[in-house]
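Student: Listed below, chain by chain, are the residues.
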Amino acid sequence: MKRLRAWFLAPTWAVMLCLFVAPLCIILAYSLLTRGTWGGISRPWSIESYQRLADPIYLGILWRSFWIAGAATILCLLLGFPLALFISRSGKRKNLYLSLVILPFWTSFLVRTYAWMFLLRDTGLINTVLQKLGLIHDPLPLLYNDGAVILGLVYGYLPFMVLPLYAALERLDRNLLEAAADLGAKPWVALTRVVIPLSAPGIRAGTILVFIPCLGAYLTPDLLGGGKTVMIGNLIQNQFTTARDWPFGSAVSLTLMAIVLVLLLAFVRREEGGLV
Amino acid sequence: MPQVLELDQVSKDYPAHRAVNGVSLNVGRGEFFSLLGPSGCGKTTTLRMVAGFEDPTTGQIRLNGAGIEHLKPYQRNVSTVFQNYALFPHLTVQQNVEFGLRRRAENHIGQRVRQVLELVQLTGKESRYPAQLSGGERQRVALARSLVLEPDVLLLDEPLSALDPNLRKQVRAELKNIQRQTGITFLFVTHDQEEALSLSDRLGVMNGGELQQVGTPQDLYLRPRTHFVASFLGLVNWIDGVGVRPEATRVTKQPAQAGARSLPARVVQSIFLGNCVHVEARMDAGQTVVAEVSRLGESFSEGEAVDVWWQPGDELTFE
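Here the protein sequences line up with chains A and B, keeping their order. First residue of the first sequence? That's 1 in my numbering, and the numbers climb one at a time after it. First residue of the second sequence? That's 1001 in my numbering, and the numbers climb one at a time after it.
There may be inaccurate statements among the hints.
With a Cα cut of at most 30 Å, we get these calculated DSS-like pairs of lysine-lysine [as the list claims (entries may be wrong)]:
1. A:LYS92 with B:LYS1072
2. B:LYS1125 with B:LYS1176
3. B:LYS1125 with A:LYS186
4. B:LYS1169 with A:LYS186
These aren't lab readings, by the way, just hints derived from the structure by calculation.
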């Protein structure tokens, strides 16, 4: 029995060791080395890369990443909660609506992000239509700013918020809502006192599933934010490509990981049940 | 007794069927009134219309003389004890019981919660969560949560059905006790005739969406107006179109008493039930009857020739 178990787990262990633990160790090693003259890495060992992170420029980028990811997560929650509530109450149509939520995944994220560029740019659909209607004279600056980045992130990660919220709301005993009304709670009070507290596990899971990838996003800020909106993901990418400073890129990556880990633990600790 | 709740020709239609059909009934203040019937008879739908969870298709529901059909559940001074209790799992016993009082922004909340928890014997469990309570305790929290609001009518939807049978009898006695002490009007829905008979001041028997008969337990048991009511409230021997309860049916080896109606029969089997014996006998016409006899009296063996008889006054007759 034990042997069989070991055999079944072996592939997973192999994948985790080769593709996760080993690269992590490599990154850790890189982050503690010095940048080579022509890129790459060289001796001596040093913690200089980590010290450089204290530079206000990088702290600014970190702060910016947090607020953009935070704003996107809150918007996802505000948009996703009513949607999940609606789907959980839709009876036979539930499956149809859930499929619609998942439908965008059938197309590449990159393609969908480009589609947003076509919609938002100065000569894009939205500006063209508004100009033709005579509502505006000059095109609105819809693309290449923080707003566009947040829009792209909300669009991309909304399903990750809706699905866990739906799972939590679906489990909610309908009788509890009747009990709340029966005891004199108006719908808004029933929502805030009963529905929201009881869907907390879904809110927590959705928040984690949206916030973490948003924090590390680089494609969306790169395409929709132009060069202006740099998030921590872009900083890391730059270090490995344009700047050719692998040790610093590694240090930023690990720092981001550490921050996420600490946040996650603080977030999950509050619920004994764990993540979901 | 002043009427607190009146239903006037209340019906409820669903797309496929009529769940409740022209139900009219009055419940007096302080009364323990039960709606009894098999599952699907419309008793729960009737209760839910009083609570406001369902709108009647036609008819009127009046509380203290005023129509309430158009009020939302949170605007009606009635409260429901749900079959599965529907306690808020994220709130403690104290917070569950406070819930309604806080919505009404009432005074002396702490004191009132203390009193009601004492009444249902849950003192000391204030800070427990529902998951940490036994089934019986949860049932009492649900009761306390509604009682504390002093509703005009307390609606109970099969509140004992989730309890195990031993506990059920005990809780039944407590429930009756609490109703007497508080004087609150109870509208109690059940499919258990023993529950309905033992608890109610009056009860109504429902079948197929219709209220068949309303009366005291004695009225309904001894003078049922329909075959359905007679059968639902207990065993009936149907002999030539006449109904006789097993305890009014006699089986003897000697001839019947003068004035009794009697038929010759043979004993099929004798079932010992502890407090009494059920003797099953087949009449010559082929019909089988059950007689409840004392275990202290004669004993019968299979195949024995006996007389089955009963007093005409014990016959159940229908219009």
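Student: Looking back at the hints listed earlier, which ones does the structure fail to meet?
Tutor: Hint check: 4 fails alone, others pass.
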